[in-house]
Amino acid sequence: MQPLEQLPIPLLLWYREHARVLPWRQDPTPYRVWVSEIMLQQTRVAAVLDYYRRFLQAAPTVQDLAALPEDALMKLWQGLGYYSRARNLQKAARQIVDDWGGVFPNTYEGIRSLAGVGDYTAGAIASIAFGIPVPAVDGNVLRVVTRLTADPSDILAAATKKRITAALQQVIPTAQPGQFNQAMMELGATVCLPNGAPLCEKCPAADFCQAFQQGRTGEFPVKAPKKPRRIEKRRVYLIFSDQGVALRRRPARGLLAGLWEYPNELEGEDSMSGLFGLTPDAWKKVTTGKHIFSHIEWHMTAYTAQVEPDALPEGWVWADRGALERDYAVPNAFSAFSDAVAQRLGYF
DNA sequence: AACGCGGGGTC
DNA sequence: GACCCAGCGTT
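Heads up: the first sequence begins at 1 in our numbering, then just goes up one per residue.
Take these hints with a grain of salt, some might be off.
To be verified - Pairs of lysine-lysine, DSS-like flavour, derived with a Cα cap of 30 Å:
#, residue 1, residue 2
1, K161, K202
2, K290, K227
3, K226, K290
4, K162, K223
5, K233, K290
6, K223, K161
7, K161, K91
8, K227, K161
9, K233, K285
10, K285, K223
11, K233, K284
12, K91, K162
13, K202, K223
To be verified - FRET-style restraints, in silico, Cβ to Cβ:
#, residue 1, residue 2, range
14, D270, G196, 46 to 56 Å
15, S338, R253, 17 to 27 Å
16, G118, G322, 30 to 40 Å
17, V317, T174, 47 to 57 Å
18, L12, A72, 49 to 59 Å
19, R94, V286, 39 to 49 Å
20, D64, G118, 21 to 31 Å
21, P60, A197, 33 to 43 Å
22, F293, K223, 15 to 25 Å
23, R250, V286, 18 to 28 Å
24, Q170, A67, 37 to 47 Å
25, P10, V317, 50 to 60 Å
Calculated from the structure, these hints are not laboratory results. Using N, Cα and C, we set each Cβ at its ideal position, and we do this for glycine too.
Working from the sequences, and respecting the hints, build out all of it.
And the structure:
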């Protein structure tokens, strides 16, 4: 008997005892499950909880989400990262309203057709919210299965994911596919941990886990190495007037798309000269900051200047302290400067 | 198939 | 400092 065939019964018994209480598990409607799954993409449960509560309060139905102003939407997502998820979430809400009569699609293919919903998320929603017996293969599941079967395949390879999906399709309990998929992820998140530190003594599958039985848990999963981050040195300009601090909107595509930022440039660029009639010696260095993205490191040095509020460049705004907190979604990349800005704005 | 896309917890 | 997370869309 293969390890995967032995898995469902002990896994489901274990999950019955150890499932965490999570808000989206309370009342697993398609909308609530969908919002949670989008937020949980590449994001841990702990990071999502507060965002989820605020989001459901601001947009309790798909119609509310479809009608939400873009700035309000981005403000709700501020700090969570991967901002295209929020835009796709609203795009999909409008798909549901316009193309599905406001009723959430109830087939795997219908769900899969929504913006921002890939194979994993479609499987998760279909199984959890509709009881459709399809696997939901995320990073947790890939780790659990490759350890269970001592599979040396690269889990980042599409062929591996495809093969494991097909194998799970053969063993998924048709009566409770949502419980099974959630149990797999719960096991990965709480017991079959990454970084070579699994808690095998607590695992309901230890008796037939090939990696554990062979004393090789540290060898799985196998992943191809990632390419190193590039480092960008940036100058950040904290520009104050009696109207507040200057913000500008980032481009609609690419990194931190559409969010607001303090004007900044790569070291060596010269985009600030001529603005506000400031001479180079008008800038005073105030502080430094570092922010690490998945693929880039920003090493930032902040400069400040006081200017007259007129002659603000096109697309820039003055934000006072209230507007900054209430109206503008500024990514956490700039959080190193929020104290300095707040302190300065506090004098108004 | 490779790459761009956040932010933070954990070891 | 390295890893990696309830991945998806684009090229």
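- Task: Given the range 30 to 40 Å, decide if the beta-carbon distance of G118 to G322 lies inside it.
- Result: holds, 39 Å
Within 30 Å, alpha carbon to alpha carbon, are K91 and K162? Answer holds: K91 to K162 is near 28 Å, not above 30 Å.
Holds or violated: K223 to K161, with C-alpha atoms at most 30 Å apart: Holds - the C-alpha atoms of K161 and K223 are around 12 Å apart, at most 30 Å.
Taking 47 to 57 Å as the stated bounds, is the beta-carbon spacing between V317 and T174 within them?
Given range 47 to 57 Å: holds, Cβ gap about 55 Å.
Worksheet item: Per the hint of 21 to 31 Å, is the separation of the Cβ atoms of D64 and G118 within bounds?
Response: holds, 24 Å
Straight-line Cα separation of K226 and K290 no greater than 30 Å?
holds, 21 Å
Open item on the list: Can you tell me whether the CB distance of L12 to A72 sits inside 49 to 59 Å?
Closed with: violated, 41 Å
C-beta pair P10, V317: status relative to the range 50 to 60 Å that was hinted: About 58 Å separates the Cβ atoms of P10 and V317, which means 50 to 60 Å holds.
Confirm or reject the claim that S338 and R253 have a C-beta distance inside 17 to 27 Å. holds, 26 Å
**Prompt:** Do R94 and V286 keep their Cβ atoms within the hinted range of 39 to 49 Å?
**Reply:** Because 43 Å falls inside the window, the suggested range holds.
* Asked: Given the proposed pairing of K162 with K223, does the C-alpha separation stay at or below 30 Å?
  -> holds, 16 Å
Go ahead and decide if the range 37 to 47 Å is satisfied by the Cβ distance of Q170 to A67. Holds - the Cβ-Cβ distance for Q170 and A67, about 43 Å, lies within 37 to 47 Å.
The structure fails hints 10 and 18 (numbered hints given earlier, in ascending order).
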